[in-house]
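**Student:** Listed here are the chains, written in short residue letters.
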Amino acid sequence: MSDEQQPALETHDLTVTYHKRPALYGIDVAVPAGSLVGVVGPNGAGKSSFIKAVMGVVPSSGGWVKVFGKPLRENLHRVGYVPQRESVDWDFPVTVMDVALMGTYGGLGLFRGPGKAEKRRASEALEKVGMLPYSNRQIGNLSGGQQQRVFLARALAQDSDLYLMDEPFVGVDAATEAAIVTLLREMRERGKTVIVVHHDLQSAGEYFDRLLLLNMRLVAFGEVKDVYTPELLQKTYGGRLTILSEVADRAAKL
Amino acid sequence: MVQEMSVLASAVDFLIPAGGSAKAMMAAVLLGAGCGLLGCFVVLRRVALMGDAVSHAVLPGVVAGLIYSSERSPGVIFVFAATAGLLGAGLVRLMMMSTRLKSDAALGIVLATFFAFGIMWQSRNQQDTVGVMNFLFGNVGSIDASDLRMMLMTTLVLVVTMFFLRRPLLVMSFDEGFSRGLGYPVKLLNGVFYFLLTFSVVVALQAVGVVLVSAMLITPAAAAYLLTDRFDRMLLLSVLFGVLSGLAGGVVSAEVNGLPTGPVIALSATALFAGVYLVAPRHGVLSKAWRTFRRRMRVRRENTLKAIYQIHEGEGFVHEEVSVLMLARKRGQTEDAVRRDCKALLSRGFIDMAEDGVSLHLSRLGWKRAMEIVRNHRLWELYLTNEADYAEDHVHEDAEKIEHILEPGTVRQLEQHLDFPELDPHGKPIPQPRHLVAQPLLTR
Ligand SMILES: Nc1ncnc2c1ncn2[C@@H]1O[C@H](COP(=O)(O)OP(=O)(O)OP(=O)(O)O)[C@@H](O)[C@H]1O
Ligand SMILES: [Mg+2]
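Order-wise, the sequence lines are chains A and B.
Position one of the first sequence corresponds to residue 1 (the numbering used here), numbered consecutively onward.
Position one of the second sequence corresponds to residue 1 (the numbering used here), numbered consecutively onward.
Source of the hints: derived by calculation from the structure; they are not laboratory data.
Fair warning: there could be bad hints in the mix.
Pair by pair, the computed Cβ-Cβ distance ranges are [to be verified]: (1) A:PHE111 / B:VAL12: 38 to 44 Å; (2) A:TRP90 / B:SER347: 40 to 46 Å; (3) A:ASN43 / B:ARG434: 55 to 61 Å; (4) A:ASP173 / B:VAL285: 21 to 27 Å.
In silico lysine to aspartate or glutamate, EDC-like type, Cα no more than 20 Å apart, as pairs [said to hold, decoys possible]: (5) A:LYS116 / A:GLU127; (6) B:LYS368 / B:GLU315; (7) B:LYS102 / A:GLU86; (8) B:LYS102 / B:GLU176; (9) A:LYS66 / A:ASP13; (10) B:LYS428 / B:GLU392; (11) B:LYS102 / A:ASP89; (12) B:LYS368 / B:ASP356; (13) A:LYS119 / B:ASP232; (14) B:LYS288 / B:ASP229; (15) B:LYS23 / B:ASP13; (16) A:LYS128 / A:GLU74; (17) A:LYS116 / B:ASP232; (18) B:LYS187 / A:GLU74; (19) B:LYS330 / B:GLU320.
In silico negatives: residues of chain A with every beta carbon more than 10 Å from chain B [said to hold, decoys possible]: (20) MET55; (21) MET102; (22) LYS116.
Note that this is a predicted model, so its numbers are computed, not measured.
Every residue, glycine too, gets a C-beta built ideally from N, C-alpha and C.
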């Protein structure tokens, strides 16, 4: 298990540009395996872009990503991704169970359909988030919090080692939020690494082991006690980084 | 390999009917199936305009095919048309990637350019392209054995590919980012999708025509989407609707002189859609109206039952009969209206009428239902005043509605929650339908 020594996620000089406008500058992080990491920063800081670039959903314009010591492509099966809830059409004609089953498709290749084992895994994942009683519902007939839990179940069914979640707490009530936090901690206890984009600075300090402070570039990454400081938070949230965003605007016009 | 191909080809030949109208029917079935399948993804991915763009973009390809193959070989036309369609789709994607134009603008530009170019090219080569009208507006009659062979093989490829790739395509259409995370080759799958889309357009071209092909891609799938929340069922229904409208269009345009096939097929699809729109069990307009009507009638019956109960209650349960007149006064309605309500109750076994028709009494079933409604009403009032802190005089209106929709499970929960209460907030007793048998007056 040389695996344990490898960082779960390592990025080097990861850069994202949209139509020549840089959104994220050269991110270097090494996230140790088995940690629960919160990604925080103001709106437009590039939190979603960071997750998407790691997953290769948006092309990065520079740098590299390694997962458990190997390029992402080789270890993709060990990564679970929970996109922002708004990113899909909830009127889609699929059921809760169908969505959870999607989590198991990664191991099936393009042509094979899910069998008994996959269905069991999906059911277990739904059970864990308390959505099993709804498994035959069309996903549009769910509340926002329930939809979020379906997304989590899909990720759980993937049975990955590293999870990247984009704002799983948006639009869920306090009870669901607490349930999700418990779930995340449980996952960490089982040795999973979980990286969560989070909006609320207040709770970020208590939910996570480590924080990744982001504002177009990496402000700080480290254990909560080291980086949850007024100075660093001020640096992250304190106003726009005028020079950085001006230069970005100018780059877009080139 | 070559041998297998020729075996397949002869098998295909075997399937092709000799008669002209049989050929037309078969063409209609094939195009309905292909467009129905692809249409589901077109509708779900919201790329309806893409179907339109591809169908217009194939026109220069058709013209080229007509010019460059002297004996109008369907294979050559197919290859040219498909190439032009794919080129169009590719240009759209290129424009979207390299500018900040959204898909609609990019599609509009490509559609118009290709179509205009095709028309211009055609009018410079009128002698070579006499058949082009068939492609513009569709003509099932112009489809011969070799066209049909081409359609059959293409549809076969389409159906088989769809069958094997429907799951990855579905996941990708639902959540592209996630499917990338699964390791799906998203670019390749997108490519395959546009290939198949172009194929289905070209298959339908000669029967429906460039202008109306997109109707076949969208309308049957949209109708299926209104009918079901399951993807597999949507695929089947969409194929069914596609085939049906193809057949209907084929038959009608063959029977009625001078009717072009394309518009008739498109309108058949619309007719099917309209039917579904009106009567679809869940989302249909008429079925919704019907459900509302049924519910209103039920509420009316239950309110009459409740009124009968309240009359009995007011008299201290001493009489067995209630007169129609009293009921009319209680309900604030004319005697005729009450008589009509009574008829509905009678036919459902809730009441018995006296011979002369002036009075009535509740049957066992009627007592039970009436007690349930009154109980629901009073329980709910109690719940609102106790738990939700409503003022006593605010709860009646709400309970009037809720009494009709409380389910047994909820009732039990309420009772437990309120510790099996006996009186409502206004001090009236809450009836217990469970104890119906034990009450002397009511055991008959
Ligand atoms: N697809 C896109 N095309 C162009 N620009 C984009 C795109 N996605 C994001 N951006 C830009 O990149 C920057 C970072 O966006 P991102 O969504 O990563 O921020 P975020 O930190 O997730 O914000 P939020 O808290 O609002 O979710 C923003 O300025 C945004 O406008
Ligand atoms: Mg975001």
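**Student:** Which hint numbers doesn't this structure obey?
**Tutor:** 1, 4, 12, 16, 20, 21
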